[in-house]
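So the protein sequences, as listed, match chains A and B. In this text, residue positions in the first sequence follow our numbering: the first is 1, and each later residue adds one. In this text, residue positions in the second sequence follow our numbering: the first is 1001, and each later residue adds one.
Any given hint might turn out to be false.
[Stated by the list, open to error] Below 27 angstroms or equal to it, Euclidean Cα-Cα: the simulated DSSO-like pairs (lysine-lysine) are:
#1 Lys1075(B) <-> Lys118(A)
#2 Lys73(A) <-> Lys136(A)
#3 Lys139(A) <-> Lys106(A)
#4 Lys1048(B) <-> Lys73(A)
#5 Lys114(A) <-> Lys126(A)
#6 Lys1048(B) <-> Lys114(A)
#7 Lys124(A) <-> Lys73(A)
#8 Lys124(A) <-> Lys106(A)
#9 Lys73(A) <-> Lys139(A)
#10 Lys73(A) <-> Lys108(A)
#11 Lys108(A) <-> Lys1075(B)
#12 Lys106(A) <-> Lys1075(B)
#13 Lys108(A) <-> Lys118(A)
#14 Lys108(A) <-> Lys1048(B)
#15 Lys1048(B) <-> Lys136(A)
#16 Lys126(A) <-> Lys106(A)
#17 Lys114(A) <-> Lys124(A)
#18 Lys136(A) <-> Lys124(A)
#19 Lys136(A) <-> Lys126(A)
[As the list claims (entries may be wrong)] So these bits of chain B aren't anywhere near chain A, every CB distance computed over 12 angstroms:
#20 Gly1049
#21 Ser1141
#22 Pro1203
Because the hints were derived from the structure by calculation, they are not lab data. Every residue, glycine too, gets a C-beta built ideally from N, C-alpha and C.
Residues per chain are reported as follows:
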Amino acid sequence: MCRKRLVFNRLIVGRARLKTPLDKHCIARHSGAMLTKELVAASTVPLVLSVLTDGETYGYALIQRVRELSSGKIEWTEGMLYPVLHWMEDEDLIESEWREAETGRKRKYYRLCKEGRKALREEKQKWMTVHETLTKLWKIQPNSI
Amino acid sequence: MENTAQFDLNFALRLWLERLGQSPQVETENLRELEVHVRDSVVHLQTKGLSSEESFLVATHRVGNPALLEPEFAKINRNPWNSIVHGLILIFFSAVCWLVWATLHLPGRTMQGIMARAGLISKATGFGLQPGFTQMMVTFSHFMYIPPLLALAYCLYVWFRKPSTKNSWTGFFAITTATLIFILLPTVVAILLPVIVVLNHLPANIFQP
Chain A
1 MCRKRLVFNR LIVGRARLKT PLDKHCIARH SGAMLTKELV AASTVPLVLS VLTDGETYGY
61 ALIQRVRELS SGKIEWTEGM LYPVLHWMED EDLIESEWRE AETGRKRKYY RLCKEGRKAL
121 REEKQKWMTV HETLTKLWKI QPNSI
Chain B
1001 MENTAQFDLN FALRLWLERL GQSPQVETEN LRELEVHVRD SVVHLQTKGL SSEESFLVAT
1061 HRVGNPALLE PEFAKINRNP WNSIVHGLIL IFFSAVCWLV WATLHLPGRT MQGIMARAGL
1121 ISKATGFGLQ PGFTQMMVTF SHFMYIPPLL ALAYCLYVWF RKPSTKNSWT GFFAITTATL
1181 IFILLPTVVA ILLPVIVVLN HLPANIFQP
């Protein structure tokens, strides 16, 4: 569990670390528009699983899709995604296959497994609980934010 | 502009991958995947008007610092040395357990012979006057196969589990060493007690010149 968290943390912290060892504060500085590293780390698996429900895809396209959907607010250190994908593969959430694309270039395609669908259902429930709770709170106190 | 014309993407990419591939923790397949990623990124950035060199620099920067990527791949890729060291510790642990068993049996019998010859016990009664603690340890030694079996079960789990749940060999080494100390201390006492008994029952003037 601890190792998993480390991988996820590095996923977003990677670039920030080059600037200062105090990565947490460094990230927090950009949190106005960007998500914090903790939030990005926590949302990586549900994001990957959700993108893969649309069909199989490869690493670069997956990152592009998340960037596009979040309007650039979710920025991953791209290389850090691959250890996460491989971890998800080890956990049987997803499976992969090297295949030739239309361009003739070989790419590693990832697709969702049965376990992945199950994990996504659980993730959905968790995120919806947080979402509903916050929505209710913010409806009660709309002006206090 | 002159620099851009001279920039060789394949060469730059090869250098970048070589730097990343220096770590034994990053497997060839990881490198292939990252290469495809950078190439895709370069193509995409070039469509936005960046030069080949600029695209390469942005793409590799987005992938992340190799020094930070290596440890992440190391956590995912299975390290064969961990399994080998687990095996070596298992062999060592089993060997010491067998030695403990042998120590409690073979010299014990020799000791019985000496004691019988010294007239301290009769050969017919077997253990006879052997200290109770020694007798207890000899009885326990019949179960000495259990710790190596437990260690083997743990090693099998480590060898065949998913790589994501990696266990370090240091923990295994610490537990086996602690177990050995726990077993060896009473064993040493158990084999020394009959010696003390024998020495105590020797005629008083035996060591006098």
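Check: Between Lys124(A) and Lys73(A), does the CA-CA distance stay at or below 27 angstroms?
Finding: 20 angstroms, holds
Notebook entry, point to check: Going straight from one Cα to the other, do Lys1048(B) and Lys73(A) come out at no more than 27 angstroms?
Noted result: 20 angstroms, holds
Item checked: Proposed proximity, Lys136(A) with Lys1048(B) (alpha carbon, max 27 angstroms) -> This hinted pair is violated, its Cα atoms lying about 43 angstroms apart.
Next item on the list: Verify the proposed pairing of Lys106(A) with Lys1075(B), using a straight-line Cα cut of 27 angstroms.
Entry: 26 angstroms, holds
Check: For the pair supplied as a hint, Lys108(A) and Lys1075(B), is the alpha-carbon distance within the 27 angstroms limit?
Finding: 20 angstroms, holds
Margin query: Checking a non-interface call: every C-beta of chain A should be farther than 12 angstroms from the C-beta of Pro1203(B). Is that right?
Written below: 67 angstroms, holds
Margin query: With the threshold set at 27 angstroms, check whether the alpha-carbon distance from Lys108(A) to Lys1048(B) stays at or below it.
Written below: Holds: Lys108(A) and Lys1048(B) sit about 25 angstroms apart, inside 27 angstroms.
Checklist line | Hint consistency between Lys139(A) and Lys106(A) [alpha-carbon to alpha-carbon, up to 27 angstroms] | finding: 50 angstroms, violated
Checklist line | Satisfaction of hint between Lys136(A) and Lys73(A), Cα-Cα up to 27 angstroms | finding: Holds, at roughly 24 angstroms.
Checklist line | Hint consistency between Lys124(A) and Lys106(A) [alpha-carbon to alpha-carbon, up to 27 angstroms] | finding: 33 angstroms, violated
Next item on the list: Would you assess whether Gly1049(B), listed as outside the interface, keeps its beta-carbon beyond 12 angstroms of every beta-carbon in chain A?
Entry: 17 angstroms, holds
Notebook entry, point to check: Are Lys1048(B) and Lys114(A) close enough, with their CA atoms no more than 27 angstroms apart?
Noted result: Cα-Cα ~38 angstroms, so violated.
The structure fails to meet hints 3, 6, 8, 15 and 16 from the earlier list, while all remaining hints are met.
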